[in-house]
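Novice: Chain by chain, the residues:
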Amino acid sequence: MSTHAGVPEPSGRPGLPPPPERPAVPVKEPVNYLTVAYGVKSWLLTVDHKRIALLYMFSISIMFAIGGIFATLIRLELITPPGDMVQSETYNKLFTMHGVVMVFFFLIPSIPATLGNFLIPIMIGAKDLAFPRINLLSWYIFIAGAAFTMYSMLAGGVDTGWTFYVPYSTQYSNTHVLSAGIGIFISGFSSILTGLNFIVTIHKMRAPGLTWWRLPLFVWSHYATSLIMILGTPVIAVTVLMVALDRGLHLGIFDPALGGDPVLFQHLFWFYSHPAVYIMILPAMGVVSELVQGMARKQIFGYSFVAISSLAISMLGFLVWGHHMFVSGQSTYLGLVFSGISFLVAIPSAVKVFNWTATLYKGSISLDTPMLYALGFIGLFTIGGLTGLFLASLGLDVHVHDTYFIVAHFHYIMVGGAIMGYLGGLHYWWPKITGRLYPETWGRVSAIIVFVGFNLTFGPQFILGYLGMPRRYHYYPEEFQILHVMSSAGASILAVGYLLPLVYFTWAMRYGKRASDNPWDARGLEWEIPSPPPTENFLVQPVVTERTYQYGREEEAKVV
Amino acid sequence: MFSGFPLFPEQASTFAARVDALYFFLIAISTFFSTLIATLLVVFAVRYRRRRAGELPRPIHGSIALELVWTIIPLVIALGTFVWSADIFVASRRVPPGAMEVYVVGKRWMWKTQHMTGQREINELHVPIGVPVKLTLTSEDVIHSFFIPAFRVKQDAVPGRYTTAWFEPTRAGEYHLFCAEYCGTKHSQMIGSIKVMEPAAFQTWLAGGAAGSPAQEGEKLFQSLACITCHRADSQGRGPRLEGLFGKTVRLTGGATVVADADYIRESIVNPTAKVVDGYQPIMPTFQGLVSEEGVMQLIAYIQSLQQPGAETTVAPAAGGNKIQEGGAAPAPRTP
Chain A
1 MSTHAGVPEP SGRPGLPPPP ERPAVPVKEP VNYLTVAYGV KSWLLTVDHK RIALLYMFSI
61 SIMFAIGGIF ATLIRLELIT PPGDMVQSET YNKLFTMHGV VMVFFFLIPS IPATLGNFLI
121 PIMIGAKDLA FPRINLLSWY IFIAGAAFTM YSMLAGGVDT GWTFYVPYST QYSNTHVLSA
181 GIGIFISGFS SILTGLNFIV TIHKMRAPGL TWWRLPLFVW SHYATSLIMI LGTPVIAVTV
241 LMVALDRGLH LGIFDPALGG DPVLFQHLFW FYSHPAVYIM ILPAMGVVSE LVQGMARKQI
301 FGYSFVAISS LAISMLGFLV WGHHMFVSGQ STYLGLVFSG ISFLVAIPSA VKVFNWTATL
361 YKGSISLDTP MLYALGFIGL FTIGGLTGLF LASLGLDVHV HDTYFIVAHF HYIMVGGAIM
421 GYLGGLHYWW PKITGRLYPE TWGRVSAIIV FVGFNLTFGP QFILGYLGMP RRYHYYPEEF
481 QILHVMSSAG ASILAVGYLL PLVYFTWAMR YGKRASDNPW DARGLEWEIP SPPPTENFLV
541 QPVVTERTYQ YGREEEAKVV
Chain B
1 MFSGFPLFPE QASTFAARVD ALYFFLIAIS TFFSTLIATL LVVFAVRYRR RRAGELPRPI
61 HGSIALELVW TIIPLVIALG TFVWSADIFV ASRRVPPGAM EVYVVGKRWM WKTQHMTGQR
121 EINELHVPIG VPVKLTLTSE DVIHSFFIPA FRVKQDAVPG RYTTAWFEPT RAGEYHLFCA
181 EYCGTKHSQM IGSIKVMEPA AFQTWLAGGA AGSPAQEGEK LFQSLACITC HRADSQGRGP
241 RLEGLFGKTV RLTGGATVVA DADYIRESIV NPTAKVVDGY QPIMPTFQGL VSEEGVMQLI
301 AYIQSLQQPG AETTVAPAAG GNKIQEGGAA PAPRTP
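Chains as they are written, first to last, in our numbering: chain A, 1 to 560; chain B, 1 to 336.
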């Protein structure tokens, strides 16, 4: 299962990132995965998991920027109560495309396809994923899906909301529902292939001695995520297909006039889309487990509880979809069952939070950027998780369902959780990925700006929601204006927080200081190989004799 | 709280205080745990900050006792909250007997409401203080959601089926009515107001502007659509007798049974061959498209008003209308 990047092109132009500036006395640099070949072709035809991770990183960064522009326009419009900046049709398209792009083309692939792709083979001592070509295929499929969705945006947009509720999406919307749906359908296969690749890789390609109970927690959480990807994603594919058939051929699956049932769509949609939230948050949890240990120089408190809680979340996560439907006409009995299980899924998340916190106890805590993001993640995820209890509460959810309360809640999970985790992970492994250090001061500044801006953006939305402000409202009553203005102000701060890393990461690719193999003095196989790693990751097959994270034994502890 | 910056919505129904109590409890729980976590993070980050490069703290592997503590305590709190919230929810689904009935039809982008006494309103609903009000909702097109924040009440209006909700207003005033389920271009303008009135004022309001009651309108439809030629009161028609039918259990061809509630009657009007009563032929044509959603609701009100021969056939919809929700459940989802 050895792999090689594309054949070097004789006349290749420099690829990403550019070659290091030569020191005055030329030193022979070992060839790494970035310098092994240059040119566009060497990237587009690569089967190296590390290069594919960068392809993904580049692609989803563009999608994040597009989704961010939509969000900016939404927040600008909502500064004033009347819809005075854009038409209602346009506003509805903006929040739809913000959701579609961010959920399907940024959040779902974000950590798994970039950091997961890059790190999983290295963390388990393998040379690549089990199916390198399928890995590349998954990226092309992702791009094809993104292209369809882009087409539907450029052709005029979609206005169904990212939830595509029927019968609006099947019978009433005059917008480009089909092409957007096809985009989601296609990109789902990219997710399935990635999940499949991860599961096979983790099962079959672990280094000698790397037993399940020695695996890094990042790998555990990706294993749990992959289970959801391969079990859940086919359901959304089928659901989108049904919408297409209903819309195009009037089959009437969801049309009550033809004996169909619109609420059936919601069951199918949330059967995937609720677990999809865990596709976004579980990898971030894995990242935070690594960050907390690396930055506190201490192994995780309660390893097996953190590992198993990931699996518990991915399993229970499949049984809670009906909590999106308490007021949909679903029976009272079903409501009770789904509410009860939703309360249960909170427990493994709570266990993780407590274990991360306990890990810091008597650690050697560095407050460098990755740790700031990790601390921010724990804080925001705690709030996001606790407000999930409000939504699981049947009688209370009736009031806050489909209001800004839910908007605030899921942004705390997806943005405060998943994106904080992604950014924290990017900073932590940036030296490994690029061989360069990012500017630490700017990193800390950006982490603080993101944290402050995020809370100012989404904190007021909890209050708005409880006051009764429905989501997806273009016009709104005047009494909600102050909170909306606060939210928009926060969003502008948040935008700065997101732009900063873009700027200094780009700068650091060329001008950052050279990184050592293990700049954090952390434990794990990825820190035992050069930065950036060679194409085959390990020149000698590593043999693992103990759990990752051996930060010193009792007798060698240097401080108490 | 100054008026421009409210933090909590008004309480104007019997549910409001119950929902808010749970809300404040959860805020207390959330504040406690997030403060606990935040304090620990900050204290640890300061107290155990790295003082020298290369220092290696003593490893701590974990503690089964602590894991049990922070599994069991949240579990107990979660299950307690579940029971509390379920109690409110079940109460919100169980319509008290004698509730005043109102029909609600959602349509892009307006709410049409109709009282049993015949008043019809658009984007408005007048209700009295102190009387439980039962809503029967449906939609003419896409899914809408009838949301009154001051009452803490929300219920989707789904095309092709009836859903129910109820509330009991406690304070006179005018309150927001929102559509909470995204329904297309003018979703945010599908709003209105709920006008809660003192009982005397409400009686005065009721006195004016009444058209025929839904049951009376339904009776007219029943004749104009010629339903009466088959559904004859003397049991000699080609269709089943409808007197005294509402709320009864009906035996179907094939042996299954169904409760003749509003949903079943609606289905029998728009899709008559789906569930045919035992002993009858599937010969009824569909009335899909021939009668509006409001018309179907009026026909149901009429059928509901038909008593057994001998009993007075006066129109008393509020009294007979509670069989639908005795189970507390909206109709279960049907799969195609």
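FYI, nobody ran anything at the bench for these hints, they're computed from the structure.
No residue lacks a Cβ here, since even glycine has one placed at the ideal position from N, Cα and C.
Hints are not guaranteed to be accurate.
[Unchecked claim] Restraint-style ranges between C-beta atoms, simulated for each label pair:
| no. | chain 1 | residue 1 | chain 2 | residue 2 | range |
| --- | --- | --- | --- | --- | --- |
| 1 | A | Gly248 | B | Ile64 | 36 to 42 Å |
| 2 | A | Val485 | B | Gln223 | 55 to 61 Å |
| 3 | B | Gly54 | A | Ser492 | 37 to 43 Å |
| 4 | A | Ile448 | B | Glu198 | 30 to 36 Å |
| 5 | B | Glu140 | A | Lys204 | 54 to 60 Å |
| 6 | B | Asp87 | A | Val485 | 34 to 40 Å |
[What the hints assert, rightly or not] Sample of chain A residues facing chain B (criterion: CB under 8 Å; computed from the structure):
| no. | residue |
| --- | --- |
| 7 | Val47 |
| 8 | Pro256 |
| 9 | Val263 |
[Said to hold, decoys possible] Anything over 10 Å on all C-beta distances counts as not near chain B; from chain A, calculated:
| no. | residue |
| --- | --- |
| 10 | Glu89 |
| 11 | Phe189 |
| 12 | Gly248 |
| 13 | Ile300 |
| 14 | Gly302 |
| 15 | Leu319 |
| 16 | Lys362 |
| 17 | Leu386 |
| 18 | Phe390 |
| 19 | Ile463 |
| 20 | Leu467 |
| 21 | Ile493 |
| 22 | Gly497 |
| 23 | Asp517 |
Novice: Each of the hints needs a verdict: does it hold here or not?
Specialist: Results for each hint:
1. A:Gly248 / B:Ile64: 36 to 42 Å: violated, 57 Å
2. A:Val485 / B:Gln223: 55 to 61 Å: The hint (55 to 61 Å, Cβ to Cβ) holds, given that valine 485 (chain A) and glutamine 223 (chain B) are roughly 58 Å apart.
3. B:Gly54 / A:Ser492: 37 to 43 Å: holds, 41 Å
4. A:Ile448 / B:Glu198: 30 to 36 Å: violated, 55 Å
5. B:Glu140 / A:Lys204: 54 to 60 Å: The hinted range 54 to 60 Å holds for glutamate 140 (chain B) and lysine 204 (chain A), with Cβ atoms some 56 Å apart.
6. B:Asp87 / A:Val485: 34 to 40 Å: holds, 38 Å
7. Val47: Valine 47 (chain A) check fails; min Cβ-Cβ to chain B is 39 Å, beyond 8 Å.
8. Pro256: holds, 2 Å
9. Val263: holds, 5 Å
10. Glu89: violated, 6 Å
11. Phe189: At roughly 26 Å from the nearest Cβ of chain B, phenylalanine 189 (chain A) sits farther out than 10 Å, so the non-interface label holds.
12. Gly248: Glycine 248 (chain A) clear of chain B: closest Cβ-Cβ about 17 Å, beyond 10 Å.
13. Ile300: It is violated; isoleucine 300 (chain A) is separated from chain B by about 8 Å at its closest Cβ, not greater than 10 Å.
14. Gly302: violated, 4 Å
15. Leu319: Correct as stated: the minimum Cβ-Cβ distance to chain B is 15 Å, above 10 Å.
16. Lys362: Since the minimum Cβ distance to chain B is about 6 Å, lysine 362 (chain A) lies within 10 Å and the statement is violated.
17. Leu386: Not fine: 4 Å to the nearest Cβ puts leucine 386 (chain A) too close to chain B.
18. Phe390: violated, 5 Å
19. Ile463: Violated, since 6 Å does not exceed 10 Å.
20. Leu467: violated, 5 Å
21. Ile493: holds, 20 Å
22. Gly497: holds, 20 Å
23. Asp517: holds, 16 Å
The structure is inconsistent with the numbered hints 1, 4, 7, 10, 13, 14, 16, 17, 18, 19, 20, although it conforms to all the rest.
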